[in-house]
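Trainee: Each chain is listed here by its residues.
There are 2 protein chains.
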Amino acid sequence: MENQTGLHVAVVGATGAVGQQMVKTLEERNFPVGKLTLLSSKRSAGTVVTFNGEEVTVQEATPESFEGVQLALFSAGGSISKQLAPEAVKRGAIVVDNTSAYRMDPNVPLVVPEVNEKDLHEHQGIIANPNCSTIQMVAALEPIREALGLTKVVVSTYQAVSGAGAKAINEMKEQSKAILEGKEFTPEVLPVSGDEKHYQIAFNAIPQIDKFEENGYTFEEMKMINETKKIMGMPNLEVAATCVRLPVETGHSESVYIEVEKSGTSVEEIKELLVNAPGIVLEDNPSEQIYPMPAHAVGKKEVFVGRIRKDLDRENAFHLWVVSDNLLKGAAWNSVQISESLLKLGILK
Amino acid sequence: MENQTGLHVAVVGATGAVGQQMVKTLEERNFPVGKLTLLSSKRSAGTVVTFNGEEVTVQEATPESFEGVQLALFSAGGSISKQLAPEAVKRGAIVVDNTSAYRMDPNVPLVVPEVNEKDLHEHQGIIANPNCSTIQMVAALEPIREALGLTKVVVSTYQAVSGAGAKAINEMKEQSKAILEGKEFTPEVLPVSGDEKHYQIAFNAIPQIDKFEENGYTFEEMKMINETKKIMGMPNLEVAATCVRLPVETGHSESVYIEVEKSGTSVEEIKELLVNAPGIVLEDNPSEQIYPMPAHAVGKKEVFVGRIRKDLDRENAFHLWVVSDNLLKGAAWNSVQISESLLKLGILK
Chain A
1 MENQTGLHVA VVGATGAVGQ QMVKTLEERN FPVGKLTLLS SKRSAGTVVT
51 FNGEEVTVQE ATPESFEGVQ LALFSAGGSI SKQLAPEAVK RGAIVVDNTS
101 AYRMDPNVPL VVPEVNEKDL HEHQGIIANP NCSTIQMVAA LEPIREALGL
151 TKVVVSTYQA VSGAGAKAIN EMKEQSKAIL EGKEFTPEVL PVSGDEKHYQ
201 IAFNAIPQID KFEENGYTFE EMKMINETKK IMGMPNLEVA ATCVRLPVET
251 GHSESVYIEV EKSGTSVEEI KELLVNAPGI VLEDNPSEQI YPMPAHAVGK
301 KEVFVGRIRK DLDRENAFHL WVVSDNLLKG AAWNSVQISE SLLKLGILK
Chain B
1 MENQTGLHVA VVGATGAVGQ QMVKTLEERN FPVGKLTLLS SKRSAGTVVT
51 FNGEEVTVQE ATPESFEGVQ LALFSAGGSI SKQLAPEAVK RGAIVVDNTS
101 AYRMDPNVPL VVPEVNEKDL HEHQGIIANP NCSTIQMVAA LEPIREALGL
151 TKVVVSTYQA VSGAGAKAIN EMKEQSKAIL EGKEFTPEVL PVSGDEKHYQ
201 IAFNAIPQID KFEENGYTFE EMKMINETKK IMGMPNLEVA ATCVRLPVET
251 GHSESVYIEV EKSGTSVEEI KELLVNAPGI VLEDNPSEQI YPMPAHAVGK
301 KEVFVGRIRK DLDRENAFHL WVVSDNLLKG AAWNSVQISE SLLKLGILK
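Residue numbers (UniProt numbering), protein chains in the order written: chain A, 1 to 349; chain B, 1 to 349.
Hint data in this document are derived by calculation from the structure and do not stem from the laboratory.
Everything hinted at is true.
Restricting the straight-line Cα-Cα distance to at most 25 Å, the calculated cross-link-like pairs of lysine-lysine (BS3-like) are:
#1 A:183 to B:183
#2 A:167 to B:173
#3 B:310 to A:229
#4 B:177 to A:173
#5 A:152 to B:310
#6 A:152 to A:310
#7 A:152 to B:262
#8 B:211 to A:310
#9 A:177 to B:183
#10 A:167 to A:211
#11 A:310 to B:229
#12 B:167 to A:177
#13 B:177 to A:177
#14 B:271 to A:211
#15 B:211 to A:271
#16 A:271 to A:301
#17 B:211 to B:197
#18 A:82 to A:229
#19 A:167 to A:197
#20 B:173 to A:173
#21 A:177 to A:167
#22 B:152 to A:310
#23 A:197 to B:300
#24 A:262 to B:152
#25 A:173 to B:183
#26 B:310 to B:271
#27 A:167 to B:177
#28 A:183 to B:173
#29 A:211 to B:310
#30 B:167 to A:183
#31 B:271 to B:152
#32 B:183 to A:300
All figures in this text were calculated on a predicted structure; none of them were measured in a lab.
All chains should be modelled from the sequences, with the hints used to inform the complete structure.
Mentor: See below:
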């Protein structure tokens with residue numbers, strides 16, 4: 001599709017779970033798209049996608065696909081980003097990359113607009129979209145850090161299978177059916193499609209997301225640890241993570257323990273900070289059984305925070321429960337939000 | 001059933017999920033049962049249960065049911081224990097109570113045999129079996145505490161629906177079917193059958209187990225906090241808990257952050273402590289993707305520990321992942337194990 005005004009935008013990985021949400025979110029937000037180029041692997045090329053009432057045919061991504069593209073949203077895996085993001089930049093595009101390929105590159109801003117929008121000014125062509133579980137946590141912690149200081153974070157995650165792609169969703173559903181009907185099944189995808197062993201996800205909890213590093217932490221856990229420090233600009237912040245995959249289709253949850261600098265803070269003060277924070281919805285009323293849950297967060301852009309409690313032993317410590325749609329704020333929406341910030345700041349014209 | 005030798009044992013709540021496991025475990029362990037009296041509510045009376053090849057008819061529990069009983073295992077809800085445990089004691093029985101009715105009573109030992117078996121000597125008729133999520137955690141932490149000292153525990157739980165009884169299991173299965181078939185459903189049991197609102201558990205995570213207290217913590221969370229201090233005999237131990245219900249039928253998991261007293265401890269030292277600990281199975285080999293999971297723990301008596309990592313910031317801090325069958329070590333097996341300890345120590349003759 002092509003309009004007289006507006007930007008030439010490309011979405012790479014347009015047929016994937018996140019790519020589809022990116023196209024949908026661009027439409028919903030009335031992002032000023034003049035021309036939309038949808039790209040994918042050779043296998044998915046030819047798929048037809050409707051955008052603003054017009055049909056767009058997905059094409060195979062090649063370096064030449066980026067001629068004239070001003071903004072390219074990548075979500076087709078790290079190796080594709082490694083290969084094609086520089087090609088897009090060479091041709092004048094700004095890249096917002098949803099893979100882990102460039103996140104820890106010191107020359108690449110890693111951005112959650114509610115936290116470090118100003119880092120976009122430092123871009124050299126590529127901007128990285130953080131890991132889904134990191135985004136929702138730092139969005140919830142930033143208002144607290146700003147007002148009270150933050151010294152320590154210990155997070156345990158409850159992550160949905162859609163973070164592992166469409167095959168993982170399908171595996172969870174097929175396994176659930178098989179178990180309910182008393183039939184046999186063979187795990188083939190989760191916890192990590194490229195790892196050696198596969199385990200049952202239906203009616204189970206798997207404490208492995210991504211492969212293991214030498215230090216015993218998984219890559220997902222190290223992403224949360226390193227990305228949180230980079231986004232918040234706090235290299236010395238204490239961060240630890242345990243990441244667990246659950247039989248939930250969409251919506252990541254996090255049990256977060258924090259220690260803050262300022263003494264004498266009450267739960268009410270933290271609630272007040274979060275009620276007024278951008279992109280955050282406070283859902284915290286125990287007497288009415290109000291708290292965030294993945295089933296209620298699906299399809300919503302916000303980060304939901306509840307179960308805020310003061311630690312009963314350490315004066316400066318608190319507990320929170322943070323939930324968000326991992327395909328939206330965790331991926332597609334944060335990428336489009338970065339794009340909106342680029343326009344607002346005059347970086348993208 | 002009646003034999004010439006052996007004890008007169010009663011199981012109260014014999015038709016419930018835990019009660020059935022108690023009967024099964026007494027049989028499996030060849031516990032010296034001379035006569036078995038199975039008790040329940042009026043509604044379930046008349047049910048026939050097979051024990052050691054003989055049929056036993058469940059009777060309605062009344063004070064007189066305990067005439068001649070030497071050991072009574074209770075698992076029929078707190079109000080039944082409040083009403084009938086003193087009647088059993090009055091008639092000469094030792095009561096092992098699986099409800100929360102007496103756990104924090106200073107005159108009642110709260111026992112996990114691997115941790116504080118010696119507290120059984122202090123009993124005055126009633127011995128309390130701790131909360132399921134507490135038992136598996138303290139069993140895993142005791143060998144560490146003993147060797148290294150323990151100063152702080154922060155736990156996030158991943159709890160199975162069988163902890164909320166047979167109705168909750170059924171609700172999870174029916175909801176899962178309905179969602180997979182695109183049908184409507186109305187939550188009626190979880191998170192807490194006696195609370196006002198009910199939420200979807202299938203393909204969801206609910207951060208509420210038991211009702212809320214005034215301080216914003218749930219009763220389940222406060223049970224973990226208070227019972228851990230009592231069982232470990234450490235009133236000043238820092239303990240915090242966030243308890244979450246998952247769509248898992250049986251098997252509780254826990255992400256546990258701990259701080260120890262002794263400096264310079266390695267992960268290998270902690271693994272060594274746990275390999276040699278009673279009732280613990282170490283499942284911790286990241287390079288082979290070996291770690292505990294609820295689906296693998298079902299039907300087993302042990303507590304499984306893995307994902308042991310040194311905190312990357314605090315020298316004396318570690319992370320663990322602890323899994324156990326909540327109906328066995330979390331309830332029935334721990335009660336039978338207490339009974340075996342009572343025999344071994346000569347308290348029950």
